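Could you build all of it, start to finish, from the sequences and the hints given here?
Going line by line, the protein sequences match chains A and B.
Its first residue numbered 1, the first sequence is counted upward by one per residue in the working numbering.
Its first residue numbered 1, the second sequence is counted upward by one per residue in the working numbering.
Hints are computed from structural coordinates only; laboratory data are not their basis.
Source: prediction; values computed, not measured.
Treat the hints with care, since some could be wrong.
[Unchecked claim] No farther apart than 25 Å at their CA atoms in a straight line, the calculated lysine-lysine pairs in the PhoX-like style are these:
1) A:279 / B:67
2) A:201 / B:92
3) A:290 / B:26
4) B:67 / A:290
5) A:290 / B:92
6) B:158 / A:201
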Amino acid sequence: MTKATGLDSLEQVAGNGLLHRRLFLQGGAAALAGATLLTARAAPPDVPAWMKTPGAPMRGYGERSPHESQVQRVVNTTPGTTGTGGSRTPLESLEGIITPSSLHFERHHSGVPDIDPAQHQVLIHGLVERPLIFSMDALARYPLVSRIQFLECSGNSGGNNNAEPPQQTAGGIHGLVSCSDWAGVPLAVLLDEAGVKPEGKWLLAEGGDAASMSRSVPMAKAMDDAILALYQNGEKLRPEQGYPVRLFLPGYEGNMNVKWLRRIKVTAEPTMTKDETSKYSDLQPNGRAKLFTFPMEVKSVITSPSGMQTMRGPGLYQISGVAWSGFGRIRRVEISADGGKTFAQAALDGPVLPLALTRFRMPWRWDGNPSVLMSRAVDETGAVQPTRAALIGARGTAYRYHYNAIQSWSVAQAGAVSNVYV
Amino acid sequence: MFERTLVVAAASFAWLVCAAAQEGPKLGVPATPEQIAGWDVSIGPDGAGLPPGSGNAAAGKTVYEAKCVACHGVDGKGQPNDQLVGGQGTLKDAAPVRTLGSYWPYATTVFDYVRRAMPYVAPHSLTPDETYALTAYLLALNGVIAQDAVMDATTLPKVVMPNRDNFDSAYREPKRR
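Here is the structure:
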């Protein structure tokens with residue numbers, strides 16, 4: 001086995017400088033070291049101030065470094081309101097697959113309620129043998145399950161329906177997706193305790209916010225993998241994620257994962273609430289609209305490099321991003337650096353979890369010429385992320401929700417990265 | 001003999017695993033009909049649970065102009081928030097106008113949503129009469145019902161919205177495993 005001695009000897013796997021993903025897994029260390037020597041030489045020889053005095057004391061609840069305070073969600077508020085609208089996860093500033101709870105996207109329909117858990121209860125009623133009320137203390141005694149899973153608003157990436165590509169960051173366009181370790185009580189256990197009658201095929205989930213946000217959920221999903229989530233990333237839910245309890249429906253569009261859950265009514269048919277008819281329904285070019293398009297389709301986005309960033313000269317870079325599918329695991333992610341003419345397979349950080357963000361990586365030697373980067377994800381059902389032209393050709397642009405087309409980033413000669421339609 | 005014991009043991013183990021996954025401490029407290037009545041505000045297309053009371057468009061206009069016009073504009077024309085009136089015939093356009101009159105499939109949804117979420121700054125503050133009246137006003141502005149029609153628990157579920165038959169459910173029940 002011969003060691004790579006320079007960038008030129010690395011195996012090119014697709015057009016415009018895409019290199020074999022093995023560079024970051026094995027054997028490529030020498031080449032990488034060569035690339036970083038330039039910056040290492042500038043290190044100061046003196047002892048910095050923070051090494052000359054004891055550091056700060058412990059604290060009861062941690063904070064990030066003040067040097068990272070610029071990493072913020074992108075907040076958009078509905079006119080005339082304070083807490084209605086959304087905030088987007090700054091995907092381009094994050095690594096790995098877990099979204100810090102403080103940066104998890106938000107979508108609220110009437111602000112974030114301040115709920116006293118001692119007063120909050122969950123009612124299960126409707127087509128059940130025994131209508132039941134659960135206190136938060138009672139729910140805490142039930143067996144829990146925990147799983148790392150993504151949550152995505154079905155309106156995510158909708159800006160790319162616009163005639164002109166929105167010039168924003170990766171998070172500004174695609175940041176209505178986040179991924180957390182969610183722990184909670186299987187809803188099936190509580191429904192079994194109440195005793196669902198045979199005609200109970202749906203349920204209405206209602207939130208305890210000022211909008212009483214309500215969605216209908218099929219009983220099959222409720223009995224399969226739905227949980228009443230109490231914890232996110234190890235600690236109790238954040239208020240903006242539904243404290244003290246939210247419905248979590250793995251893979252289903254975010255709006256159905258009702259926060260501040262207060263009531264579950266078992267019904268024979270959907271309730272046809274405002275948020276499942278007038279909103280979160282998909283209008284097609286023929287004037288007909290689809291209701292109940294629940295799972296989020298396969299999707300990916302390159303987060304580095306991405307929109308509004310500037311690359312600092314030619315050389316070796318790592319292309320990195322996230323992929324996910326509401327239908328299961330990501331099978332593979334393919335990258336193109338030549339606007340979709342050729343693709344090569346990216347490395348996936350393992351373990352690759354079902355219904356979770358999956359981190360992909362690929363080495364790229366940028367020669368400094370204008371380039372277009374794309375990522376195309378394939379999930380375990382074989383579903384392939386469509387091109388924008390194919391998606392819009394099939395659905396039109398008034399469809400609004402469930403936009404999952406390939407994102408293209410243009411890299412200009414000077415290094416500026418921007419959103420582009422190909 | 002040994003083989004049979006093994007099969008029985010395996011069967012019991014499977015049952016135990018299954019039971020463990022399904023068993024909770026059963027701490028739910030029975031809810032009384034009075035408690036449920038206080039919580040159960042949702043109204044489906046069949047109108048079940050609609051409260052006593054009634055209202056017409058004239059009464060609704062008064063409520064609208066006092067409590068809704070700031071966000072939804074004069075006569076429901078919109079701005080700064082959602083347009084509530086008009087848009088019929090635009091759903092196939094490149095920029096369709098989705099309003100209660102052009103898009104919403106069920107009139108009961110108007111009552112359900114207004115009662116629990118509107119006015120934005122004071123949800124749960126309208127009386128049943130005010131809610132029926134507002135619903136009547138918005139339906140009449142859209143030409144869905146007559147100006148003098150009275151909305152109540154009987155008449156509201158019978159209203160047929162113009163776009164009702166243009167929705168298709170994409171949900172399919174999973175096959176039994």
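TODO: Given the hint that residue 158 of chain B pairs with residue 201 of chain A, test it: the Cα-Cα distance must not exceed 25 Å.
DONE: holds (24 Å)
Open item on the list: Against the 25 Å threshold, does the CA-CA distance of residue 201 of chain A and residue 92 of chain B hold or violate the hint?
Closed with: Violated, because 33 Å separates the two Cα atoms, which is more than 25 Å.
Open item on the list: Hinted pair, alpha-carbon criterion (25 Å max): residue 67 of chain B, residue 290 of chain A. Please report holds or violated.
Closed with: Not OK: residue 67 of chain B and residue 290 of chain A at ~33 Å, beyond 25 Å, violated.
Open item on the list: Please verify whether residue 290 of chain A and residue 26 of chain B have alpha carbons no more than 25 Å apart.
Closed with: With a Cα-Cα distance of about 39 Å, the restraint between residue 290 of chain A and residue 26 of chain B is violated, given a limit of 25 Å.
- [ ] Would you mind confirming whether the straight-line C-alpha gap from residue 290 of chain A to residue 92 of chain B stays at or under 25 Å?
- [x] Distance ~14 Å between residue 290 of chain A and residue 92 of chain B Cα, so the pair holds.
Task: Straight-line alpha-carbon gap residue 279 of chain A to residue 67 of chain B, limit 25 Å - done: Holds, because 23 Å separates the two Cα atoms, which is no more than 25 Å.
Violated hints, listed in ascending order, are 2, 3 and 4; each of the other numbered hints is respected by the structure.
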